[in-house]
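Chemist: Sequence:
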Amino acid sequence: MPDPEIFYVLNGSFEVFQAEGPSAGWQTVNADEVVSIPGNVRHALRNPSPSPITSIIVSKQELYSFFRELARPFDPNRPPAPPTPEEMQQLFSVAEKYEYWLASRDENAAIGISLR
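All letters in the sequence shown, in the order written, are residues 622 to 737 by the numbering used here.
Everything labelled a hint here was simulated from the structure, so no lab data went into it. Yeah, the Cβ is synthetic: ideal placement off N, Cα and C, and Gly gets one too. Hints are supplied without guarantee of correctness; some may be wrong.
So the derived label-pair ranges between C-beta atoms look like this [unchecked claim]:
| hint | residue 1 | residue 2 | range |
| --- | --- | --- | --- |
| 1 | Arg726 | Gly646 | 19 to 25 Å |
| 2 | Thr649 | Val679 | 27 to 33 Å |
| 3 | Asp727 | Gly646 | 16 to 22 Å |
| 4 | Phe713 | Ser657 | 25 to 31 Å |
| 5 | Val679 | Ala730 | 25 to 31 Å |
| 6 | Glu717 | Gly646 | 23 to 29 Å |
| 7 | Thr649 | Ser686 | 17 to 23 Å |
| 8 | Ile677 | Val715 | 19 to 25 Å |
| 9 | Glu717 | Ser672 | 30 to 36 Å |
| 10 | Ser714 | Leu631 | 26 to 32 Å |
| 11 | Pro701 | Asn729 | 16 to 22 Å |
Below, simulated EDC-like cross-link-like pairs (lysine to aspartate or glutamate); rule was C-alpha separation at most 20 Å, straight line [stated by the list, open to error]:
| hint | residue 1 | residue 2 |
| --- | --- | --- |
| 12 | Lys681 | Glu626 |
| 13 | Lys718 | Asp624 |
| 14 | Lys681 | Glu717 |
| 15 | Lys718 | Glu707 |
| 16 | Lys718 | Glu626 |
| 17 | Lys681 | Glu720 |
| 18 | Lys718 | Glu708 |
Starting from the given sequences, assemble the full structure and let the hints guide the process.
Modeler: Right, here's the structure in full:
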């Protein structure tokens, strides 16, 4: 069974899309709020603000391992650069390894996410 995810927002706010269930659709999660996503629900996150947010994610080991494989150093004084084609390929490979679903460009567009 896929890992459930719990997000606690420390500062800022972001939007969470859940494909099904009682919280289906987009929901805004603000600082000091929590959102829980069951492990079997397709979901998406977006930050409509130009400001970064800080969130704590609680999940099982598998999701941690997935993100750990993709992690790269972060410089808080510089905005992150867009991913390179090689980094995108690594994302696809690691997602396949962990059997995580990634939305297509059309699936993202259908729920209001535009990838540039």
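Chemist: Confirm or reject each hint.
Modeler: Each hint tested on the structure:
1. Arg726 / Gly646: 19 to 25 Å: holds (20 Å)
2. Thr649 / Val679: 27 to 33 Å: violated (20 Å)
3. Asp727 / Gly646: 16 to 22 Å: Holds: the Cβ-Cβ distance is about 19 Å, inside 16 to 22 Å.
4. Phe713 / Ser657: 25 to 31 Å: holds (27 Å)
5. Val679 / Ala730: 25 to 31 Å: With Cβ atoms ~30 Å apart, the hint holds.
6. Glu717 / Gly646: 23 to 29 Å: 28 Å Cβ-Cβ, so the 23 to 29 Å window holds.
7. Thr649 / Ser686: 17 to 23 Å: violated (29 Å)
8. Ile677 / Val715: 19 to 25 Å: holds (22 Å)
9. Glu717 / Ser672: 30 to 36 Å: holds (33 Å)
10. Ser714 / Leu631: 26 to 32 Å: holds (31 Å)
11. Pro701 / Asn729: 16 to 22 Å: holds (19 Å)
12. Lys681 / Glu626: holds (8 Å)
13. Lys718 / Asp624: holds (15 Å)
14. Lys681 / Glu717: holds (18 Å)
15. Lys718 / Glu707: holds (16 Å)
16. Lys718 / Glu626: holds (19 Å)
17. Lys681 / Glu720: holds (15 Å)
18. Lys718 / Glu708: Judged against 20 Å, a Cα distance of about 15 Å means the pair holds.
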